[in-house]
Each structure stands twice: as C-alpha cells, then as structure tokens.
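Each chain sits in its own coordinate frame; assemble them with the hints.
Sequence lines, in order, name chains A and B. The working numbering puts the first residue of the first sequence at 1, with every later residue one more than the last. The working numbering puts the first residue of the second sequence at 1, with every later residue one more than the last.
Don't read these hints as lab results, they were simulated from the structure. Beta carbons: idealized from backbone N, C-alpha and C, even for Gly. A few of these clues could be false.
To be clear about the criterion: a stretch of chain B counts as covered by chain A if any three or more of its residues have a C-beta under 8 Å from a C-beta of chain A, and this derived list gives those stretches [said to hold, decoys possible]:
1. 6 to 19
2. 23 to 34
3. 38 to 46
4. 128 to 142
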Amino acid sequence: MHNTAVALIELGAIFFGLGVLGRLAWRIGISPIPFYLLGGLAFGSGGLLPLEGIEEFSSIASEIGVILLLLLLGLEYSAAELVTGLRRSWLAGIVDLVLNAAPGVAVALMLGWGPVGALAMAGVTYISSSGIIAKVLGDLGRLGNRETPVILSILVFEDLAMAVYLPILTAVLAGATLLGGLTAIGISLLVVTLVLLLALKFGRYVSALVDSPDPEVFLLRVLGAALLVAGVASQLQVSAAVGAFLLGIAISGSTAENATRMLEPLRDLFAAMFFVVFGLNTNPASMPPVLGVALALAFVTTITKVATGWWAAKRQGIARMGRARAGAALVARGEFSIVIAGLAVSAGAVDDQLAALATAYVLIMAVLGPLAARFVEPIARLAVARLRPATA
Amino acid sequence: MVNVEVTPLPGIGTRQDFVSRGGRRLGVITYRDGRLELIVSREDDPDACTASIPLTVEEAGALANLLGAPQLVAQLRKENDGLSGVHTKHLPLAHGSPYDGRTLGDTALRTRTAVSVVAVFRAGTVHPSPRPDFVLGGGDTLITVGTSEGLAKAADVLDRG
Numbered sequence: 001m002h003n004t005a006v007a008l009i010e011l012g013a014i015f016f017g018l019g020v021l022g023r024l025a026w027r028i029g030i031s032p033i034p035f036y037l038l039g040g041l042a043f044g045s046g047g048l049l050p051l052e053g054i055e056e057f058s059s060i061a062s063e064i065g066v067i068l069l070l071l072l073l074g075l076e077y078s079a080a081e082l083v084t085g086l087r088r089s090w091l092a093g094i095v096d097l098v099l100n101a102a103p104g105v106a107v108a109l110m111l112g113w114g115p116v117g118a119l120a121m122a123g124v125t126y127i128s129s130s131g132i133i134a135k136v137l138g139d140l141g142r143l144g145n146r147e148t149p150v151i152l153s154i155l156v157f158e159d160l161a162m163a164v165y166l167p168i169l170t171a172v173l174a175g176a177t178l179l180g181g182l183t184a185i186g187i188s189l190l191v192v193t194l195v196l197l198l199a200l201k202f203g204r205y206v207s208a209l210v211d212s213p214d215p216e217v218f219l220l221r222v223l224g225a226a227l228l229v230a231g232v233a234s235q236l237q238v239s240a241a242v243g244a245f246l247l248g249i250a251i252s253g254s255t256a257e258n259a260t261r262m263l264e265p266l267r268d269l270f271a272a273m274f275f276v277v278f279g280l281n282t283n284p285a286s287m288p289p290v291l292g293v294a295l296a297l298a299f300v301t302t303i304t305k306v307a308t309g310w311w312a313a314k315r316q317g318i319a320r321m322g323r324a325r326a327g328a329a330l331v332a333r334g335e336f337s338i339v340i341a342g343l344a345v346s347a348g349a350v351d352d353q354l355a356a357l358a359t360a361y362v363l364i365m366a367v368l369g370p371l372a373a374r375f376v377e378p379i380a381r382l383a384v385a386r387l388r389p390a391t392a
Numbered sequence: 001m002v003n004v005e006v007t008p009l010p011g012i013g014t015r016q017d018f019v020s021r022g023g024r025r026l027g028v029i030t031y032r033d034g035r036l037e038l039i040v041s042r043e044d045d046p047d048a049c050t051a052s053i054p055l056t057v058e059e060a061g062a063l064a065n066l067l068g069a070p071q072l073v074a075q076l077r078k079e080n081d082g083l084s085g086v087h088t089k090h091l092p093l094a095h096g097s098p099y100d101g102r103t104l105g106d107t108a109l110r111t112r113t114a115v116s117v118v119a120v121f122r123a124g125t126v127h128p129s130p131r132p133d134f135v136l137g138g139g140d141t142l143i144t145v146g147t148s149e150g151l152a153k154a155a156d157v158l159d160r161g
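The following block holds chain B by itself, in its conformation from the complex (with noise of 0.2 Å):
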C-alpha cells in the first residue's frame, strides 16, 4: 500500500506526496484557487524539489490517464486470471483517427473483433462500461478485453478504421 501523506500548508494550500521505492518523493501541490502543482523530490536531498510542474486541470487529467489506464489494466487482467486465452489491453484512441469524434458503435469493434470495451479513460476519469452511442475523442484511452488476435486486429480498426 501507498502512504500518502496530507500536509497543510497554511495561506497556500495542501501537499500530498508519498515516498517511491526508490526513495524519491512524488506529490501534488494544490493551490487554495484550485491550481495544481507536481512536485518530484531531489535524488541528494529527499527535503528539497527538484522540479515543481504548475499543471492545468486537462493536463493533470491527462498525465493522471496515462498513469492510471495501465493500472486498471493490471487490475482487469488479475481478476481474469482463471480465463484462458482471455487478456485485457488499454488501447490509446490517437487524435486523428478516423474514430476521433464518432461513437463506439460505429466502430463495430464488438462484431468486427470480437473485442468488448470494458471502460473509456478520459481526462483522469473513468467512464465503465460505455454504451454504443458514447461519443469518442482524440487522447482516450480504451480498456479493452479480447484474445490476443483480436485485440490486435482492434488496435488497427482504432488506428486506420
């Protein structure tokens, strides 16, 4: 388990960070306004940053997508373990693909692959079990559950259509 720690910072804001197996503190700076910062510890002195990155809102939810689809990857694939022949896969939706701005249904990706999507990242936030009209845009991340040819073949139905 993780241990974040909660630190107030009084007329500022609040710290949480925690401490990597490596013995690098990472953590976010949330300013009173709202703004976000990310902070790295230095690798001589554990006390000091040696980066603070000011995030906007979209950017924290994307680093957070990019962070988190793997993870709810690693969990799927966990809980479906006991499946032969079964894997789960996040699939990124590139901005530009000929899906960008249509529905899942169109991509017909469950007939064509038979490849189900069992949940849409979008900007730090997941959205379970997405219907066929659930629109799609540049920069999603798709979880996706199939075999190994047909999460293949979705990939490049994602990529050229």
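Just chain A, same shape as in the assembly (with noise of 0.2 Å):
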C-alpha cells in the first residue's frame, strides 16, 4: 500500500478506536484517560503491534496537545480568581501540596531516582485532575453542595502552584545547579507575578491581539499565539508547556471563555494522542516490576487527598458527610500527572523507571478519583453504622 495509505489508515483506526473506549469509560462513570494510556501501551515498543510511518505525526500531535491542556488550564480560571483564591484558601493550598507531594518525593527517594527524580514526582502524586473533578461534580450534580467551592479553591491553588512548579522543574531537568535552581525560582516567580499583574491590569489589550467576531479568525490567532508562545518559550529553555499555560492566564474575561469552548474539542483530540504517544513509549514489560509500589502510592495519595478535603472542608463549618464527598472528590489524578512524568522523561534527566510508575499510578489514579467521589456517600454510611451497631 501507499504510505499516505497506511499512515491514514493507521490514525483512522487510533481515532476511532479511542472514540470507541472514551464512549465507553463514561457509560462507565470513569475517565477516559486510563484507557487512552491502555490503547497507546498496547501498540508501540514492546506492544502488540508496533506503528509505523506515523512517529512524526503523532509526536508533534501529542507535543500540540501538552499545550493545549496547559492552556486550557491556564484560561480555566481568570486572573482575578486566582487572586482571590489564593488569598482564601492558600492554608488548605499549602497543607494540600505538602500532603500530596510528600509521598511521591519519598518514593522516588527510596527508589534512588535522586533529587531530580524526587521533583518530578512530587508533582505527579500532588496536582489533581481539575478535568476529571469538574466533569464529576457537574455529573454528580453536586455543583449547588456546600462543599464544592471548598474543591474548587483547592484546584484553583493547585492550578497557581503549577505557574510556579513547571518552570523550576523544567529548569532542573535541563541540568541546572542548585544556585542555577534557585535562580530558576527567582525568575518564575518574578513571571508568574508579572503576567498575573499583566492579566489584572492589562488583560484587555491581550485580549484584544488575539479576539475576533469571526470564529475562524478567533480560532487560528489563538492557536498561533500558543504555538508561538509555547515555540519560543522552548527555544528560551523555559519548556513550550509553561508557555502556553502562562498565556493562558493573560487572556481574560469573554474572550477567555469564547476560546475554552473553541478549543475544547482540539484540546480533547489532541491531548488523546498525546496519552496514546506516552503509552507507546512506556514498554509494558516494565510496568510489571513498579505495579506494587504504584499500588502503595496510590492508596497512600489516597488518603492524603481525602484528609485534605475533608480539612478544608471542616474548617468552612462543612459537616461530615460533606467532608467526606470534598476528600473523595480530590482523589483524581490525571492528564497533568502524565504531562509532568513527560516533562521529566523527555528531559532524559530521570531514571526511565518514573514513566512506567506515573503511567501505572495514573491508571489507578484515574479509574478510582471518580468512583471515590461517587461512592463515597454509601461507603460513608456503611462505615457509620458499622461503628455505631443496632444500639442507636
């Protein structure tokens, strides 16, 4: 066959196939991000079947969709919202990020991946999937509860975090010193408050370059101006991802809402390559070998999750059972834990064992954040009235 053939036939059948189990995960009530990992660790190297003639493609599809997750991420929230989370809930941001991270930096340590290793997965193991929680919340029908502002502030932390870790991470993993890391610090601080300044005052005129009436114009200025951002931000070693999502914080207001639903539907096709290209280039055979330890990790983060929530949540006068639903809601983790595992092995700077561990904690990760939040409530009740037998 003709090699155009081959390449759209092979795409055609990923596609379609990803579209086939996306369908079937939240018929399911999970994510489908699990089983777009399980599709791209079933071909590739070590896999099944191995795909040829589309390596070019799908590399750069899959570069495209980190940016466009980030910058989806980056418009999720506007400047203003950022602030003022930050200034309500940075007490439960903090205890949330030392919780969270804690276990993964401990795991990577006791593995020996060292201090680079250590960043990369306290990433992995600390941010939520705001994707995942959002579409669980709206499907659950609990965006009216009492405690689901207490989530979203968590997330909103979660997502300022991010601004700060992502550079610092990118510029460790390109082989900085620790005077070298700390001026990493410095300088993503110095941008992440000069672009949250930029987006307050300014961001009308940042707006302004990319908004159109025209949805065809509006779409290829946005686009164009990730790519762009995101290319340059790569050549100046800051990683294309951190970009995207830093300008994803300076649009703001309508145009901001305008381009998430413009982009939603590119970022989805996008981001399923980019979890098919992270699988392919997992070889199965060394999942095996960390399968235990990503168990332990996940029930770990698992309770550390829960006891974040249920704190926050405590502490906005929230009773028990809402508690317990703000804990389980968090458990989820994602599309982010996946892009900062790619980061780190990308970078060839951490020890190939990471991107089999993330891939298996993501799977566990994502197929348990949903169920958590949607049985937490008869497993709740269970436990009472297990602990308070017929006396009552």
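Below, the structure written as structure tokens:
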C-alpha cells in the first residue's frame, strides 16, 4: 500500500478506537484517560502492534496536546479568581501541597532516583486532575453543594502552584545547579507575578490581540498565539507547556470563555494523542516491577487527598458527609501527572522507570478518583452503621 | 429580610442561595456561559443538593413569574390597605384565551368591569402601567385592582371574552 494510505488507516483506526473507548469510559462513569494510556501501551514499543510511518505526526500532535492541555488550564480560571483564591485558600492549598507531594518525594528517594526524580514525582502525586473533578462534580449534580467551593479553591491553588512548579521543574531537568535552581525559582516567581499583574491590569489588551468576532479567525489567532508563545518559551529553555499556560492566564474575560469553548474539542483530540504517545513510549514490560509501588503510592495518596479535603471542608463549617465528599472528589489524578512525567522523561534526566510508575499510578488514580467521588456516600454511611451498631 | 449568599465557583460560575425558614437551601447556579440551574438542598444533609435542575432563560422567566406575581400583589394589597372595598389580584391569561395576542384595549376591562390593570408580569419582568395598545400573550399574569365583583367579572372576561 501507499505510505500515506497506511498512515491514514493507522491514524483513523487509532482515533476511532479511542472514540469507542472514550464512550465506554464515560458510560461506566470513569475518565477515558486510563483507556487512552492502555491503548498506547498496547501498541508501540514492546506492545502487540508497532505502529510505523506516523511517528513524526504523532509526536508533534502529542506536543500540541500538552500545549493545549496547559493553555486551557490557564484559561480555566481568570486572574481575579486566581488572586482571590490565593488569598482565601492558601492555607488549605499548602496543606494539600505538603501532604500530597511528600509521598511522591519519599518513593522517588527510596527508589534512588535522586532529587530530580523526587521533584518530578512530587508533582505527579500532588496535582489533582481538575478536568476529571469538574466533570464528575457536574455529572453527580454536586455543583450546588456547600463543599464544592472548597474543592474548587484547592484546584485554583494547585493551578497557581503549577505556574511556579513547571518552570522550576524544567530548569532543574535541563541540568541546573543548586544556584541555577534558585535563580529559576526567583525568575519563575517574578514571571508569574508579572503575568498575573499583566492579566489583571491589561488583560483586555492581551485578549484584544487574539480576539475576533469571526470564529474562524479567532480560532487561528488563539491557536497560532499559543504555538508561537510555546515555541519561543521552548527556545528559551522554559518548556513549551509553561509558555502556553502563562498565555492562558493572561487571556481573560469573555475572550477566555470563547477560546475555551472553541479549543476544547481540539484539546480533547490532541490530548488523546498525547496520552497514546505517552503509552506508546512506555514499554509494557517495565510496568509489572513498579506495580506494587504504584499501588502503595495510590493507597497513601488517596488517604492524603481525602484528609486534605476533609480538613479544608471542616474549616468552612461543613458537616461530616460533606467533608467526606470533598475529600473523595479530590482523589483523581490524571492529565497533569502525565504531563509532568512526560516532561521529566523527555528531558532524559530521570530514571526510565519513572514513566512506567507514573503510567501505572495514573491508570489507578484516574479510575479510582471518579469511583471514589461516586461511592463515598454509601461507603461513609456503611462505615457509620458499622461503627455504631444497632444500639443507636 | 432574606439573606442571599453569593459564592463564586471558580471556573464554573456563581452560586446564589439562601436558607428557607424550614432549613432548606434554595438557589441558582449561574454558569459562565449564562446557563441557569435551580438547586434545592437535601433534607437530611443541607450541604448537599437533592436536585439541580437546568433551566432555559424562558423557563427561569416563567418560574420567576409564578413566584413573583403573588409577591407584587401582596405588596399592592398592603399599600391599598386603607381603601376599603379595593382588592388586588393576579389574573393569569391562559394560552388560547380570546385575548391571547390582542391588545389590552381590546379587553375593554376598565369599561366593562371597572377593574384597572396596574402591571403585567411576563417572563420574569414586570411591565408597569401597561397602555391600551399593550399586546397581551398567553402565560402573562395581569396584576389588577378593583372591587371583588369587578375582579371576578374580569377573570371571566379574560377566560371567555
């Protein structure tokens, strides 16, 4: 067959297969991310069926997937929401950071991956999946619940933490020394502050640069701006993803809403490709050795997220059932854990097993998260009934 | 005074709610794209919601109509307290009424029943002091003032022409 024909057939089969898997996933109430990863694992290196001829396209597509994931993360909250979120929930945010980054750090150090591996794993276990959580809360009709603002404000804080964390991670991955690392922290804090100020004071000018009443022109401008900023950022060794993320924060108001609406389908398409490629590059044979660690990590970080949510909800005067719901809702990890692992692995500065561990971990957490949110109430009721037997 | 609490939902929209005298939380979620959802808290767990019902703008208007008209009547009733024999009533105009799509002047309500229409409620908004050329539509609620016989007659006129 002709080369182009083969490539088209392969791509078509991948997308169609992912579509079938995605529908199945939401049917049974979980995120499709684990299915995409499994799809990638099944093909590619060490898998059942190596795909040939589309590597170039798929690697570019997965890069665009990361850029769009982070651009939309930046667009999700306005600069004003980020600032008020920081003011209101910084304490809960710090508790969340410490409790959930620590298990990742501990595991990385125990496996001898050194400080760089520890920094990457800290991000993998810390960051909740705002995509999965927002979808699950909407599906379960919990947006009107009193604990929901608590959950969302923790997600807002994580969003901000990512803005500081990602530049540091990329600097360290690029082989910065301790001094270089500290400079990176200083620079990234400065840049994030500048971008927030810019967005708060002059957000409409940034928005005006990309805005257009014509949807076609608008789409091309937003996408073009994102790729340009990402490319320049990557040239400056700050990582394409960070550039896109900061652009997302700087775009505000109705422009941000329109951009989100327009880019969402594109993001879903390219992000699916990103998960598949990540799975493709992970050798399935490397999974079994880290499975035990992944399970233990999943167990511990489920408890730490539930504890975070419980504590944060309690501070807002929410009753026990609401605290349990807040905790369980935060459990899901997904796209951003994989993005972090992807950055670490592609820089080549960490142990190869990190990709396998991150894949296994996200496979578990992206399934467990929505299930935990869904079944926390019956489980909590059962636990209460067990603890207080028939006497009551 | 009902104390409506406004809570921002970052990335989603705003929640506005209040706690009723019976201890139930009632409110509305406004999404960033303008969609509305009516929320009602659960009886056994006021933190959670037993229902969140998506409403279109028209549906929200209709609901506001149903809930708002009696309130306006109560207010007018209070103001007219001093006048004996004057009553305030809200009269719904049914779809398919003879005056559905015709003007207020066509009803000749003032001449026939001595009843005044002081306001028309439509899709959640009040149209105060409608003129005779005001076009009525099915689903409108007419806020009327008059004697009790006059009001009974007016209801009849609106129903049957």
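Structure-based check of each hint:
1. 6 to 19: holds (count 8)
2. 23 to 34: Check passed, 5 qualifying residues.
3. 38 to 46: Coverage by chain A holds for the segment 38 to 46 of chain B (4 residues, Cβ < 8 Å).
4. 128 to 142: violated (count 0)
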